[in-house]
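Going down the list, the sequences are from chains D and P. The first sequence begins at 0 in numbering that gives the first Met the number 0 and counts up one residue at a time. The second sequence begins at 0 in numbering that gives the first Met the number 0 and counts up one residue at a time.
One or more hints might be untrue.
[Claimed, not checked] In the EDC-like style, the derived pairs of lysine to aspartate or glutamate whose C-alpha atoms are separated by at most 16 Å in a straight line are:
hint, chain 1, residue 1, chain 2, residue 2
1, P, Lys168, P, Glu145
2, D, Lys71, P, Asp36
3, P, Lys364, P, Glu349
4, P, Lys266, P, Glu47
5, P, Lys445, D, Glu57
6, P, Lys283, P, Asp386
7, P, Lys445, D, Glu53
8, P, Lys445, D, Glu105
9, D, Lys243, D, Asp198
10, P, Lys495, P, Glu524
11, P, Lys499, P, Asp386
12, P, Lys266, P, Asp36
13, P, Lys445, D, Asp25
14, P, Lys513, P, Glu594
15, D, Lys71, D, Glu46
It should be emphasised that the hints constitute simulated quantities derived from the structure, not laboratory data. Here the structure is a predicted model, which is why all the values come from computation and not from measurement.
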Amino acid sequence: MKPLRWMGVLGIWLACFSTVQAASPDTETLIQANRAYQAGHFTEAREGYQRLLEQDPENGHLHYNMGNTCSKLGKPGTAIWHYLQAEAYLPRDEDIEANLQLVLRETADIWDGRRPPAAAALLFWLEDFNLPEHLLAFLVLNLAYWSISGISLTRENEGLERTKKIVAGLAAVALLACLAKGPLSHKPPTAVVIEKSLDAVTAQSQAGKVLYQFHEGAILSVLSESGSWLEIELPSGERGWVKKNGVLL
Amino acid sequence: MSGAITYRFWTGCLFLFLLSLVPAAATATVSISATVDRTHLTLDDSLELSVRINGTTQGGSPVLPPLPDFQVQPAGTSSSIQIINGTRSASVIHRYLLLPKKEGTFTLGSVQLDLDGKHYEAPPITITVVAPSASLPEKDAPIFAEAEVSNTSPYLQEQIILTYRLYRKVEIRNATLDAPLEHFRKVELGDPVETSRVINGVRYYISEASYALFPMQEGVLSIPPGIFQLDLLKQNSQNRSPFGRFHLPDPFFNDPFFSGGAALERKIIRTQPIEITVRPFPEKGKPEGFTPLTGPLTLESELTPHALSVGETATWTITLKGRANMDEVKLTPPAAGNRFKLYEDQPVTEESPSGEFLEGSKTFKYALVPTRPGTLNVDAIQLHYFDPEKKVYKTLSTGPLNVTIQPGAAPSSSLSTGNSSATSKNTERGASELLPIHTQPGILDKGIRGFQYPEILLPGLLLPPLGFLIFRSYYLKRRRMQLDSAFARRQNARAKALDKLNEIQKTPALDAQKLAREISLVVREYLGDRFDFQGTALTPGEVETRLKRLGLDQQHVKTALALLEHCQEIEYAPVNGIDETGLIEESSRLIRELEGA
Numbered sequence: 000m001k002p003l004r005w006m007g008v009l010g011i012w013l014a015c016f017s018t019v020q021a022a023s024p025d026t027e028t029l030i031q032a033n034r035a036y037q038a039g040h041f042t043e044a045r046e047g048y049q050r051l052l053e054q055d056p057e058n059g060h061l062h063y064n065m066g067n068t069c070s071k072l073g074k075p076g077t078a079i080w081h082y083l084q085a086e087a088y089l090p091r092d093e094d095i096e097a098n099l100q101l102v103l104r105e106t107a108d109i110w111d112g113r114r115p116p117a118a119a120a121l122l123f124w125l126e127d128f129n130l131p132e133h134l135l136a137f138l139v140l141n142l143a144y145w146s147i148s149g150i151s152l153t154r155e156n157e158g159l160e161r162t163k164k165i166v167a168g169l170a171a172v173a174l175l176a177c178l179a180k181g182p183l184s185h186k187p188p189t190a191v192v193i194e195k196s197l198d199a200v201t202a203q204s205q206a207g208k209v210l211y212q213f214h215e216g217a218i219l220s221v222l223s224e225s226g227s228w229l230e231i232e233l234p235s236g237e238r239g240w241v242k243k244n245g246v247l248l
Numbered sequence: 000m001s002g003a004i005t006y007r008f009w010t011g012c013l014f015l016f017l018l019s020l021v022p023a024a025a026t027a028t029v030s031i032s033a034t035v036d037r038t039h040l041t042l043d044d045s046l047e048l049s050v051r052i053n054g055t056t057q058g059g060s061p062v063l064p065p066l067p068d069f070q071v072q073p074a075g076t077s078s079s080i081q082i083i084n085g086t087r088s089a090s091v092i093h094r095y096l097l098l099p100k101k102e103g104t105f106t107l108g109s110v111q112l113d114l115d116g117k118h119y120e121a122p123p124i125t126i127t128v129v130a131p132s133a134s135l136p137e138k139d140a141p142i143f144a145e146a147e148v149s150n151t152s153p154y155l156q157e158q159i160i161l162t163y164r165l166y167r168k169v170e171i172r173n174a175t176l177d178a179p180l181e182h183f184r185k186v187e188l189g190d191p192v193e194t195s196r197v198i199n200g201v202r203y204y205i206s207e208a209s210y211a212l213f214p215m216q217e218g219v220l221s222i223p224p225g226i227f228q229l230d231l232l233k234q235n236s237q238n239r240s241p242f243g244r245f246h247l248p249d250p251f252f253n254d255p256f257f258s259g260g261a262a263l264e265r266k267i268i269r270t271q272p273i274e275i276t277v278r279p280f281p282e283k284g285k286p287e288g289f290t291p292l293t294g295p296l297t298l299e300s301e302l303t304p305h306a307l308s309v310g311e312t313a314t315w316t317i318t319l320k321g322r323a324n325m326d327e328v329k330l331t332p333p334a335a336g337n338r339f340k341l342y343e344d345q346p347v348t349e350e351s352p353s354g355e356f357l358e359g360s361k362t363f364k365y366a367l368v369p370t371r372p373g374t375l376n377v378d379a380i381q382l383h384y385f386d387p388e389k390k391v392y393k394t395l396s397t398g399p400l401n402v403t404i405q406p407g408a409a410p411s412s413s414l415s416t417g418n419s420s421a422t423s424k425n426t427e428r429g430a431s432e433l434l435p436i437h438t439q440p441g442i443l444d445k446g447i448r449g450f451q452y453p454e455i456l457l458p459g460l461l462l463p464p465l466g467f468l469i470f471r472s473y474y475l476k477r478r479r480m481q482l483d484s485a486f487a488r489r490q491n492a493r494a495k496a497l498d499k500l501n502e503i504q505k506t507p508a509l510d511a512q513k514l515a516r517e518i519s520l521v522v523r524e525y526l527g528d529r530f531d532f533q534g535t536a537l538t539p540g541e542v543e544t545r546l547k548r549l550g551l552d553q554q555h556v557k558t559a560l561a562l563l564e565h566c567q568e569i570e571y572a573p574v575n576g577i578d579e580t581g582l583i584e585e586s587s588r589l590i591r592e593l594e595g596a
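Extracted from the complex, chain D is given alone in its bound form:
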């Protein structure tokens, strides 16, 4: 009888929990946005995803769905920007990369000016994980190191000492990766052109000589920022200035 009673209690609890889940306004908004997308009502889908992103701007899945929606709405620049955001939060998601490349290939410039950070040459896995994942790895290794240190107090064992040194080394590398990905990252921010065409000029003025004309969807590496202008790297390797309101940062 007792197990039955407990199962009943568990059932009621689960029912309540699922009711709470179903009633969640965010989940409802997501379901409606997904349905709108699948029915071809892309404007409605975009509004739904936009509402959700305002509450959770670091959700890679929402950025990905938003990218798809913008692409369907004929806004490749905005779509590419959302795919880049999605990739930052879900760096190993193949769907994002595939759709990003697909949309990029349909742009006029097919220009991807992103450059991997210099640290990626040494820390080859740096771009395959996001910052929280790097931090989690470091915290786990940190915990492992101190735990092994504690155990090694109670028993003298050469293998244990060796393991402790290896874990210490790994923790140091993980910390380095965290720093390279986070506060010490020298990776230039990227901007995506959202205007049909955008002139890159020699100086921070419309009177500057036009060096290059980018088109919607081109991904630019931003070198510096000054007022309403961004200094960017041109495909030729030169530097030029573009108006900030022509891109999404």
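Using the hints provided, position chain P relative to the given structure of chain D.
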């Protein structure tokens, strides 16, 4: 001159003013009639249908009945207004040119008109179309046409040439050719060519239009008659050129438009239909996965540059040339593995007449990006086709690519940032559709995204070393207590003494002597444990000596000595009414003070 123009202008204005004064009631009767310029005609002739609407120049167009046996072409509209004896009559005529499609007797249904809510109908007309009279050159016809194909039994998709020729010994205007075709891909072989030829002693001028045809279906196919529509130029005998009938090539003097008296007669000239038998591909020797394609074809393959580093882009160009139907030429690129990426460009097709055939080329371009250093082997691309001359299947191949890839750090090309699996996903689905949105449950969960925030990061960072330090301290103390008995006694002295004092306090009916002895024993034992000597066997005086030797504070020594002597007095010189609780509290206080010493 300008005075004459002014005069005509004012006369016109006055005429229009007078016209407007004519009562509208006089124009109220509306009627419709339909007439044809002939009721008997041949397939080479055309028919003019005139629909006249009397009583108005306004209103919509008449509605023609269905005319499936004729090709209908609008031939213009004219309107007229007449005023006779003050009565205005208006009419509009809609003309149509009807080109018969076949022989027989046909009834042109009623032409209808809806105007101002009223319905009008013209009576039907019966037309007879007969076969054209002999149009062979032997009969000395002034104009005739023929169609010819280069091969009446081609293989599927084999190129054949269809030529339409219009022979004429009279002048024509506005000639057009309608050559409808089904089940063929048709490509025009340049502009029509003008030549001349003598047939039975008569010089005919020939307009020749050629098409390259690719049959897209097996079996017996029909090439329907080509239809030339033209205006035959007729001259009035009174206005003949002084140069007689030798009108060509001297259009200036002989052209009736210059000599006057020109008349145009609309004419339809048809070629004979042609039947061709399209042969299927033989089963013998058919390669596996063969898709219909008939040669001849040649293939060229080129990779530039040939020296590559990781991340650099090479262009692999494959060009196919020949007389094949280039629309159907498709290549299957090798699957990109983890050693390289392959991006396909839109193929470029070019076709142009060469000699009497259509020669084409189709260029496929692939951007090849190696992702790893070492030797890169890319499988050959093969293409099978059927050679109709030798009646065998042939295979073209690019040959495998073997390229040495140098290591390189360049994340160079614009497309090099994608990972290979993502690219292969694109290749699998033809690089044309977006992958679907993410709908799996839990995509709103935050997961480990909170790890970068200080409230989680700092405890995660600091708690493990803190835990370690606490554990280390505990462990080392515990181990010393196991190994160092003096330390263990010292560590336990206070707790042990206080426990014993509690027990004494709880023991009922203990007399004063016994109580003092027990307390003295507890204190001396504590002092012995605390300062590492055998305290229970010592007198108060010996205890004082030991404590002084250890450098203990004088006040503490005095207090301890006073307590022990007090206990000794009670033990050996008993008195009544001692304060038991006070003695125990005094002992406890001494122990606590000495703990801090």
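Of the hints stated earlier, which fail here?
Those not satisfied are hints 2, 8, 11 and 14.
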